[in-house]
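Protein chains in written order, with the working numbering: chain A, 3 to 467; chain B, 3 to 467.
These are calculated hints, taken from the structure and not from any lab test. Predicted, not measured: the structure shown is a model, and the values here were computed from it. Careful, some of the hints might be misleading.
[Stated by the list, open to error] Calculated lysine to any residue pairs in the SDA-like style (CA-CA distance at most 20 Å, straight line): (1) B:40 - A:10; (2) A:192 - B:342; (3) A:306 - A:363; (4) A:192 - B:218; (5) B:134 - A:10.
Listed below are the residues making up each chain.
There are 2 protein chains.
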Amino acid sequence: MAVDELDRLREEARGLAVEMVRLLASRRAVVSRIAELKRSSGLAVIQPGIESVLRMAMVEEASRHGLPAETVHRLASVILSDSVTTQERKTGQQLTHMDILRRAVEMQRNGREVQRLEVGEPDLGAPQEVRKAVSEAVLNGFARYVESRGLPELRAAIAEHVHERFNTEVRPENILVTPGGRFAIFLSMKTLLSPGDELLVIDPSWPMYKQCADFVGARAVPVKTSLEDGWTPKLDEVEERISSATKAIILNYPNNPTGKMLSRKYFKQLVELARDRNITLISDEVYADYTRGEHVTVLGEDLKYVLIQSFSKSYGMTGYRAGYIVADEAHVSKMASILGLIMTCVPEFVQHGAMRALTLRETPKQYADIMMRRMDAAVRELEKIGAEFYRPDGGMYVFPKVGIREADGMKFALDLLESKGVAVAPGSIFGGYDQFIRISLGAPEESIVKGIRLLGEYLREKGLA
Amino acid sequence: MAVDELDRLREEARGLAVEMVRLLASRRAVVSRIAELKRSSGLAVIQPGIESVLRMAMVEEASRHGLPAETVHRLASVILSDSVTTQERKTGQQLTHMDILRRAVEMQRNGREVQRLEVGEPDLGAPQEVRKAVSEAVLNGFARYVESRGLPELRAAIAEHVHERFNTEVRPENILVTPGGRFAIFLSMKTLLSPGDELLVIDPSWPMYKQCADFVGARAVPVKTSLEDGWTPKLDEVEERISSATKAIILNYPNNPTGKMLSRKYFKQLVELARDRNITLISDEVYADYTRGEHVTVLGEDLKYVLIQSFSKSYGMTGYRAGYIVADEAHVSKMASILGLIMTCVPEFVQHGAMRALTLRETPKQYADIMMRRMDAAVRELEKIGAEFYRPDGGMYVFPKVGIREADGMKFALDLLESKGVAVAPGSIFGGYDQFIRISLGAPEESIVKGIRLLGEYLREKGLA
């Protein structure tokens, strides 16, 4: 009896699923027609406003039937990503930032002198004290599986450091030790964004943010800023870009690539906006120590946030892969269990190095001084060649406009490299800023000066300056 | 004109999406009734056969309308996971393996003697040569960002090692250096399994496999094996569990927790089955060196595979977080870009340590000797207390049946710990083997002997032996 009824119900359930497939196919046909119309009228494929309307309509229908929001959001993602695939025409293999790097290395191997201003890594190296601490820890066998969230001693030391440096009380329970800043960003996005959710990104931005959002199945929604506005995002534009699917916004000040630092007043307005809309703020502050002025931090703000920090810049520990997160305790636990699942823990001896680093009060200042001296030199040289740029408040990059006319920044960067031996990161990779290039201060001062002079030569020869 | 038409089409597309939500809600109601019926008749929530029928019906409908297979699989996942949530009743907070570990540490802190036979970490430590190599590399500043796939020298050394050890030709292009075996498993699952795809897992199994499958949104489908069958999976059962959504099967021999090693003949049959069904084989061979007999490897087999290896067991480098993958070149590139995205690279100095390790031909043999001596002791003691178990062919665990009558292995393990000071991993966590416990050989021999004797005492007192 029960078995017959079960079979009947199963068939009904199956029928409904098949009917959904049929509807999706019908929808696809409609979307194809939309795409055709768009092509002839020149409209963009992704229009965030339109998607929000669709999502809202779906959520409304779902709530009428008691369907959970999570399920309907997942369904919406399937439907929306099918639309985008339908509408997008495959573009050819694109050149990336890595092509510049690879070509620069290749040229150096062939004996060419290259000014390596494309790298995102300071050349400072870790202080001897840190190296010694790691070395001793390794020799003494500090290489066992340890707690996923990090050694209790290190978390306590970070909590104290944060207190001292940013005047904010945090507890060791709020700290998660990560294998570098990238991993910290991955963990925060993975836990905050479900497939189909949206992340606001202020452009120009470090490409990793969008790539990582994409990796976790979320969609990065850009808010454009401009040199003319001093790279300050407009509050009403940020607000406009928020949809029902927006779960987080990522900020990165001092900024890569512009060197912009937000004022405290403006930062507070962003915080308020995020809080009002129940959006988590991911604040990537890895360049906090590379600044002249006051660093404005998310720490202590009254909203849900994730602070991203790293030992790479402040202590020159790039290849050690050590960073940390400050977030609320429950969120830290969630991220710690992912870290534990996919890599157990950060190597114990690396954590010993991080612990030693935190005792070095002068190192971040010394390293910042070096960067600021290079910054001054870069600014001076850029002014000489007449480039337009925002004078950085901090960070380790300058982002001048080079005024190229053709719309392909990558081609410009490759040509500059081939003809003058100057490697830079093309502005195109930071969100389509083809007329800009990013000059890194990770190289020695003389290399920066020489590189910018050669850039000036190149621009004059091409009639661009 | 075009704008009006666009608006009309958009409304149509939106209407179809909303209609899909309505159907999903109807389906949910039907599934609830199925769940009620099941509860009264005692059937399981997940019945893979039924799901395959549903998927096939959906794929068939999709192909009729030219909808891509990927889209319909994603839609099926949304529908199926909604069904499972509907049917599952929330269970209370469950005890985990970590509770045993935590309690054991706590008892030790309070001065109790505890035999730590629950750990999955050998106590051997890395050889002095490896420690020195890492120490020197750190002191000399080998801590820069390096290639995501690993140092060319290390990949060349691994390729050579693999050739020598397993008599299989692989190229450095087939190698990816990872921060440990867990990360290697994560990368392989992340790249092989899309949400909704299925992974076959042979139970009892290391819990990480299912957790990781779940983490990437895939579904782990267990194939049960039994002590009576010598933990050999039945080929027809493996075949039965394969559905149109099965993309990979994960094997782990020598096995954690049983110590089972498959015969070459049987392994070949599994390989053939996987190849015929176009399923990728993930072979976790991290215990390859802990064996007496011949190790049967996937290397050199003619199918799509991913080999998982680690420096943790063969060289005692647990906390260094160093492992590697062998796979086809295109797949390695894909995994390398994920590794690069979320953590740049494995620390350069750790890779120097791995390089030094590979020059130590005797270390893996010495470490294996220690493990095999402990294994003999464990087997002897288990025989004395009359436990039933499979005599391990390799690995670092024994998995005896302790014949508890109640169906809660976790409670048994906790009670054994509290009353006798013996920490073991309950069989329940390896796929519901409540009548078994896993004894680790990661502890010194006297601790293993003492622990098993105390276990014998406990079983006698409880009338279980």
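Comparing the hints with the structure gives:
1. B:40 - A:10: holds, 13 Å
2. A:192 - B:342: At roughly 16 Å apart (the allowed maximum being 20 Å), residue 342 of chain B and residue 192 of chain A satisfy the hint.
3. A:306 - A:363: violated, 29 Å
4. A:192 - B:218: holds, 11 Å
5. B:134 - A:10: Status violated; Cα separation ~69 Å.
Violation of the numbered hints given earlier is confined to hints 3 and 5; the remaining hints are satisfied by the structure.
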